[in-house]
Amino acid sequence: QKEVEQNSGPLSVPEGAIASLNCTYSDRGSQSFFWYRQYSGKSPELIMFIYSNGDKEDGRFTAQLNKASQYVSLLIRDSQPSDSATYLCAVKDSTNTDKLIFGTGTRLQVFP
Amino acid sequence: EPEVTQTPSHQVTQMGQEVILRCVPISNHLYFYWYRQILGQKVEFLVSFYNNEISEKSEIFDDQFSVERPDGSNFTLKIRSTKLEDSAMYFCASSGTSSSYNSPLHFGNGTRLTVT
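Here the protein sequences come in this chain order: L and R.
The numbering of the first sequence is this note's numbering, which starts it at -8 and goes up by one.
The numbering of the second sequence is this note's numbering, which starts it at 3 and goes up by one.
To be clear, the hints were calculated from the coordinates, so they are not data collected in a lab.
Incorrect hints may appear among the rest.
What the hints assert, rightly or not - Covered by chain R, per the in silico footprint, the following chain L stretches (three or more residues, Cβ under 8 Å):
id, region
1, 43 to 57
2, 91 to 100
What the hints assert, rightly or not - In silico lysine-lysine, DSSO-like type, Cα no more than 30 Å apart, as pairs:
id, chain 1, residue 1, chain 2, residue 2
3, L, K33, R, K85
4, L, K(-7), R, K44
5, R, K85, L, K58
6, L, K(-7), L, K58
7, R, K85, L, K47
8, L, K(-7), L, K33
9, L, K47, L, K33
10, R, K44, L, K47
11, R, K59, L, K(-7)
12, R, K59, R, K44
13, R, K80, L, K47
14, L, K33, R, K44
15, R, K80, R, K44
16, R, K85, R, K44
17, L, K(-7), L, K47
18, L, K58, R, K80
19, L, K33, R, K59
20, L, K58, L, K47
21, R, K59, R, K85
22, L, K(-7), R, K85
23, R, K80, R, K59
Note that the structure is a prediction, hence the values are computed from the model and not measured.
Heads up, the beta-carbon is just placed ideally off N, CA and C, and yes, glycines get one too.
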């Protein structure tokens, strides 16, 4: 059973701080990794995707990937109360490339 | 920005009834998906669809489920005889203008299905 693991949180950070969200995955052959944001009762919204080892930055967001450690993370700089949501890590199944495997998500709370 | 649209936003049905959930994927996308999320649980893959046929399906997607692309724009999920445990949020997604492998999925707003 291929798994994606995330700490469910909540992760509480003050406004303006850096939020660090982590994810590990079991499928060593996975090549594509995604971060989605999900507000309560809403659909997943794509934040970032990363395919290569290292860092990828997009505005206040940085995704980090380490395939050797099977670890992917998301950093949110200058966190805002509007960033408060559940962040879902998703990994493409290496044998069924149509399938995304989701983690349970980490709930982030940014307080003013 | 183009988006995936789903209707209805909320569907209430009685156990044993058939329901059809509708989706309009992003117009130049080639790959279509249904996922579901039971309240408080993970988002789970149901089925993927490419070139007018199912390309992959999960164990959840049993004979009670079917998908169809009846015309050039709509993509539907039918549940033939709903069960209480089918109550969930159902998300349609689409991706890719070429290879699906690295194309991010874009999700619709979901249909909340409540089976009573």
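Holds or violated: are the alpha carbons of K33/L and K44/R at most 30 Å from each other?
13 Å, holds
Coverage assertion for the region 43 to 57 of chain L with respect to chain R, Cβ distance below 8 Å, three residues required:
As far as the region 43 to 57 of chain L goes, the hint is violated, because 0 residues have Cβ atoms under 8 Å from chain R.
Please verify whether K85/R and K58/L have alpha carbons no more than 30 Å apart.
40 Å, violated
Are the Cα positions of K44/R and K47/L separated by 30 Å at most?
26 Å, holds
With a cut-off of 30 Å on the C-alpha distance, tell me whether K85/R and K44/R pass.
19 Å, holds
If you look at each residue in the region 91 to 100 of chain L, do at least three have a Cβ nearer than 8 Å to any Cβ of chain R?
holds (count 6)
Run the distance test for K(-7)/L versus K85/R: straight-line Cα separation, threshold 30 Å.
27 Å, holds
Take a quick look at whether K33/L and K85/R sit within 30 Å of each other, Cα to Cα.
23 Å, holds
Can the restraint linking K(-7)/L and K47/L be considered satisfied, given a maximum Cα separation of 30 Å?
Satisfied, since the Cα-Cα distance of roughly 25 Å is no more than 30 Å.
30 Å limit on alpha-carbon distance, applied to hinted pair K80/R and K59/R:
14 Å, holds
Mind checking the alpha carbons of K59/R and K44/R for me, to see if they're no more than 30 Å apart?
With a Cα-Cα distance of about 17 Å, the restraint between K59/R and K44/R holds, given a limit of 30 Å.
Can you confirm whether the C-alpha distance between K58/L and K80/R stays at or below 30 Å?
38 Å, violated
Hints 1, 5, 7, 13 and 18 from the list above are not met by this structure, while the remaining hints are.
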